[in-house]
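J.: Heads up: the sequence lines are chains G and E, in that order.
Per the numbering used here, numbering through the first sequence is continuous, rising by one, with the last residue being 205.
Per the numbering used here, numbering through the second sequence is continuous, rising by one, with the last residue being 205.
Since the hints were made in silico from the structure, they are not lab data.
Treat the hints with caution; some may be incorrect.
Each pair may be met inside one copy or between any two copies, as identical chains are not told apart.
What the hints assert, rightly or not - Derived DSS-like pairs (lysine-lysine); straight-line CA-CA distance at most 25 angstroms: (1) 115 <-> 45; (2) 78 <-> 202; (3) 103 <-> 120; (4) 75 <-> 150; (5) 44 <-> 199; (6) 45 <-> 103; (7) 116 <-> 61; (8) 125 <-> 199; (9) 116 <-> 184; (10) 40 <-> 184; (11) 125 <-> 137; (12) 116 <-> 199; (13) 82 <-> 5; (14) 125 <-> 40; (15) 116 <-> 103; (16) 120 <-> 61; (17) 3 <-> 40; (18) 118 <-> 103; (19) 115 <-> 103; (20) 40 <-> 5; (21) 115 <-> 78; (22) 44 <-> 76; (23) 61 <-> 150; (24) 137 <-> 44.
Treat the numbers as computed from the prediction; the structure is a model and nothing was measured.
Chain residues, written in single-letter form:
Protein chains: 2
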Amino acid sequence: MKYKLTYFNITGLAESIRYIFSYAGVEFEDDRIEYDLEKWRAKKDRPLFGTLPLLEVDGKLTHQSVAIARFVGKKAKLVGKDDWENLEIDAIVDTQVDFRLKMGAFFQEQDPEKKAKAKEEFLKETLPFYMSRFEKIVEENGGYFAAGKLTWADFFFVGMLGAFNGIVGVDIIDGYHNLQELKNKVENLPGVTEWIEKRPKTQF
Amino acid sequence: MKYKLTYFNITGLAESIRYIFSYAGVEFEDDRIEYDLEKWRAKKDRPLFGTLPLLEVDGKLTHQSVAIARFVGKKAKLVGKDDWENLEIDAIVDTQVDFRLKMGAFFQEQDPEKKAKAKEEFLKETLPFYMSRFEKIVEENGGYFAAGKLTWADFFFVGMLGAFNGIVGVDIIDGYHNLQELKNKVENLPGVTEWIEKRPKTQF
């Protein structure tokens with residue numbers, strides 16, 4: 002199979018997928034376009050629903066970062082052993098997305114005063130609310146997000162950390178040692194380490 | 002297996018799941034709590050990440066409406082025949098969620114002037130953007146959202162329509178005859194029809 006992953010020239014929503022491809026040892030075309038949201042949105046011929054990332058598999062095009070990560074996670078055997086374990090994985094990934102959307106809300110605020118207030122609220126309430134729960138889940142699951150073993154839910158979280166930290170301006174897992182250990186574990190996996198070394202260096 | 006689905010006493014994010022259970026002929030406890038967001042958020046002992054719906058399976062608790070719908074969809078055999086078809090299903094469901102989140106943004110706006118403006122923008126741009134693409138996809142897929150056959154993606158969309166229309170105040174699929182036909186098809190399925198007749202009558 003031939004895979005082409007198209008995204009902005011940043012880590013963002015594509016890095017988790019790039020991690021999973023690299024871990025699986027599956028070659029993919031790492032197609033990157035200039036990170037300019039205005040220019041992208043002004044493009045008349047954006048495919049599907051106009052969002053990135055896009056994945057092309059043998060010429061067939063699809064989209065949606067979570068759906069793509071799940072698909073590539075299956076190829077990498079980073080899934081649960083039954084429907085319940087896969088539900089666990091899916092539930093925690095969608096919760097990671099909930100967290101990201103709350104972060105995005107203050108990132109996209111244009112009014113500087115409102116933005117500062119939203120950021121303060123995010124740092125004081127939203128961030129510890131999610132991180133303390135994530136920390137507890139990983140602690141209780143033998144060091145992983147779901148199913149008591151390494152799954153694509155771990156890649157999904159760790160792959161987004163670079164962009165998270167770039168947006169928030171702090172290390173969001175600082176003080177949560179189970180999450181820090183998980184990050185180290187994933188980034189030291191064969192394939193992932195090599196990817197991190199060779200990937201293009203970007204803003205975030 | 003014993004299933005208990007907990008949600009507010011509205012259709013909202015749970016109705017798609019209730020449709021799938023009913024179609025599958027799987028009994029579930031339809032646990033409903035008063036629809037009062039303030040009261041719910043003030044509760045100190047909300048489980049997991051504090052959101053609804055919740056699903057209990059043989060005493061084990063989980064959450065996240067999309068993950069639950071996928072899980073129950075598997076029980077009902079409303080899935081694709083391979084990983085690619087399941088990716089198609091997952092991608093379109095997450096796009097339905099994107100649409101819902103954009104709708105939620107104006108619904109939750111408190112300032113009446115801003116709300117009116119956001120609603121106008123939603124009706125003029127967001128709604129036709131998504132509905133025209135959904136309509137085309139369903140048309141090209143033999144009357145379904147994905148995989149050329151009935152899947153849980155169809156239930157996910159149709160199950161949310163009642164709440165969508167209640168929030169927006171118009172029939173959002175008016176004029177999109179493929180989407181209307183799909184709605185009729187799903188709501189006339191054995192199990193679903195009986196569910197719609199017997200379900201508690203609620204605000205939306």
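J.: Are the CA atoms of residue 40 and residue 184 at most 25 angstroms apart within a copy, between copies, both, or neither?
T.: Classified as neither: same-chain Cα gap 33 angstroms, cross-chain 37 angstroms, threshold 25 angstroms.
J.: Within a copy, between copies, both or neither: where do residue 125 and residue 199 come within 25 angstroms Cα-Cα?
T.: neither (36 angstroms within a copy, 45 angstroms between copies)
J.: Within a copy, between copies, both or neither: where do residue 120 and residue 61 come within 25 angstroms Cα-Cα?
T.: neither (40 angstroms within a copy, 35 angstroms between copies)
J.: Within, between, both or neither: how does the pair residue 75, residue 150 come out at a Cα-Cα threshold of 25 angstroms?
T.: both (14 angstroms within a copy, 22 angstroms between copies)
J.: Could you figure out if residue 115 and residue 78 sit no more than 25 angstroms apart (CA to CA) within one copy, between two copies, both or neither?
T.: Neither: 44 angstroms inside a chain and 47 angstroms across chains, both beyond 25 angstroms.
J.: When no copy is specified for residue 44 and residue 199, does a C-alpha distance of 25 angstroms or less occur within a copy, between copies, both, or neither?
T.: neither (30 angstroms within a copy, 48 angstroms between copies)
J.: Taking 25 angstroms as the upper bound on the Cα-Cα distance, should residue 3 and residue 40 be classified as within, between, both, or neither?
T.: neither (28 angstroms within a copy, 51 angstroms between copies)
J.: When no copy is specified for residue 61 and residue 150, does a C-alpha distance of 25 angstroms or less occur within a copy, between copies, both, or neither?
T.: between (32 angstroms within a copy, 18 angstroms between copies)
J.: Given a CA cutoff of 25 angstroms, do residue 116 and residue 184 count as a within-copy pair, a between-copy pair, both, or neither?
T.: The answer is neither: 29 angstroms in one copy and 41 angstroms across copies each exceed 25 angstroms.
J.: With 25 angstroms as the alpha-carbon cut-off, assign the pair residue 125 and residue 40 to within, between, both or neither.
T.: Close across copies (22 angstroms), not inside one copy (34 angstroms); limit 25 angstroms.
J.: Is the C-alpha distance from residue 103 to residue 120 at most 25 angstroms within one copy, between copies, in both cases, or in neither?
T.: Both: 10 angstroms inside a copy, 21 angstroms across copies.
J.: Go through the copies and call it for residue 78 and residue 202: within, between, both or neither, with a Cα cutoff of 25 angstroms.
T.: neither (29 angstroms within a copy, 44 angstroms between copies)
Checked against the numbered hints given earlier, this structure breaks hints 1, 2, 5, 7, 8, 9, 10, 12, 16, 17, 21, 22; the rest are met.
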